[in-house]
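For chain G, the structure is supplied; the task is to place chain B on it using the hints.
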Amino acid sequence: MKNRLKVLRAERNWSQGDLADRLEVSRQSVNAIETGRYDPSLPLAFRIAELFELSIEQIFTSPSRENDQ
Amino acid sequence: MACSRALTRYNYRVVILSLIYAAFLIAAVYLFKHQLLSGPIAYVAAILPALPIIGILGAIGRYLTEETDEYLRMMMVRQALIASGFALSIATIWGFLENFDLVDHVYAYYVQVLWFAGLGVGACFNKLQAARGVL
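Just so you know, the sequences run in chain order G and B.
Under this note's numbering, the first residue of the first sequence carries the number 1, and numbering increases by one thereafter.
Under this note's numbering, the first residue of the second sequence carries the number 70, and numbering increases by one thereafter.
Excised from the complex, chain G in its bound form:
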């Protein structure tokens, strides 16, 4: 699933490790989500959204709308 995680992380000068620490997940998880290799569960997606103080839709692109972009 496409997402803006890398951009949002870069805006805050966070490394993948920094974001992983804040989300209490592994750096591999952040990398896998960021590159679209792994779609997070809803609870993790909410944690990510709450961390960036955004809605889930502002971070993740719905797969059904990916072609619209």
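Worth flagging that the hints you see were computed from the coordinates, not collected in a lab.
For clarity, every value in this text was computed on a predicted model and none was experimentally measured.
Glycine is no exception: its CB is placed at the ideal position from the N, C-alpha and C atoms.
Among the hints, erroneous ones may be present.
To be verified - Not the full set, but computed from the structure, chain B residues with beta-carbon under 10 Å of chain G: (1) S73; (2) P109; (3) T137; (4) D138; (5) E139; (6) Y140; (7) M143; (8) M144; (9) L197; (10) Q198; (11) G202.
For chain B alone, coordinates are given in the frame of chain G:
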């Protein structure tokens, strides 16, 4: 794979269980070799080395319940599924070959050996998929 706290605990349990396995196996081989066992106690001694191996399977199950990182948990589940497919496929093929007297008999516990080898295959598959940018 990253070393989460759950993974550290899992590795620790596997090391301990492996040491117990080695101790039980050496003891059982020595006792049987010197014909020091007979009757029900011989059955107990023969089964003892299997228990830590079963314990390792339990440790994997415990890891899956303790791991809070869903991505790492998914990777381990996939690794275990690949290991199961690998071991059972070879065991099935071997079983038919053995049934038609084309190969020698192999002890059933080698399925477990294959399963552990399959974990290695699964780990390689996970790394390969990650390197290719595929889940």
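Against the structure, the hints come out as follows:
1. Given the 10 Å rule on beta carbons, the hint for B:S73 holds: about 6 Å separates it from the nearest Cβ of chain G.
2. Because the beta carbon of B:P109 sits about 48 Å from the nearest beta carbon in chain G, more than 10 Å, this interface hint is broken.
3. Interface restraint check: B:T137 against chain G, minimum CB-CB distance 7 Å, threshold 10 Å, status holds.
4. Checking B:D138 against chain G: minimum C-beta separation of about 5 Å stays under 10 Å; hint holds.
5. Taken as an interface hint, B:E139 checks out: its beta carbon lies about 6 Å from the nearest beta carbon of chain G, inside 10 Å.
6. Look at B:Y140: its Cβ gets to within about 4 Å of chain G, closer than 10 Å, so that hint holds up.
7. For B:M143, the suggested interface contact is upheld, since its CB lies about 7 Å from the closest CB of chain G, less than 10 Å.
8. Annotation: B:M144 was flagged as interfacial toward chain G, and the flag holds, the nearest CB pair being 8 Å apart, inside 10 Å.
9. The beta carbon of B:L197 is not positioned within 10 Å of any beta carbon in chain G (closest approach about 13 Å), and the interface hint is therefore violated.
10. Given hint, B:Q198 at the interface with chain G, holds; its Cβ is 8 Å from that chain's nearest Cβ, closer than 10 Å.
11. A cut of 10 Å between beta carbons decides the hint on B:G202: the least distance to chain G is about 6 Å, and the hint holds.
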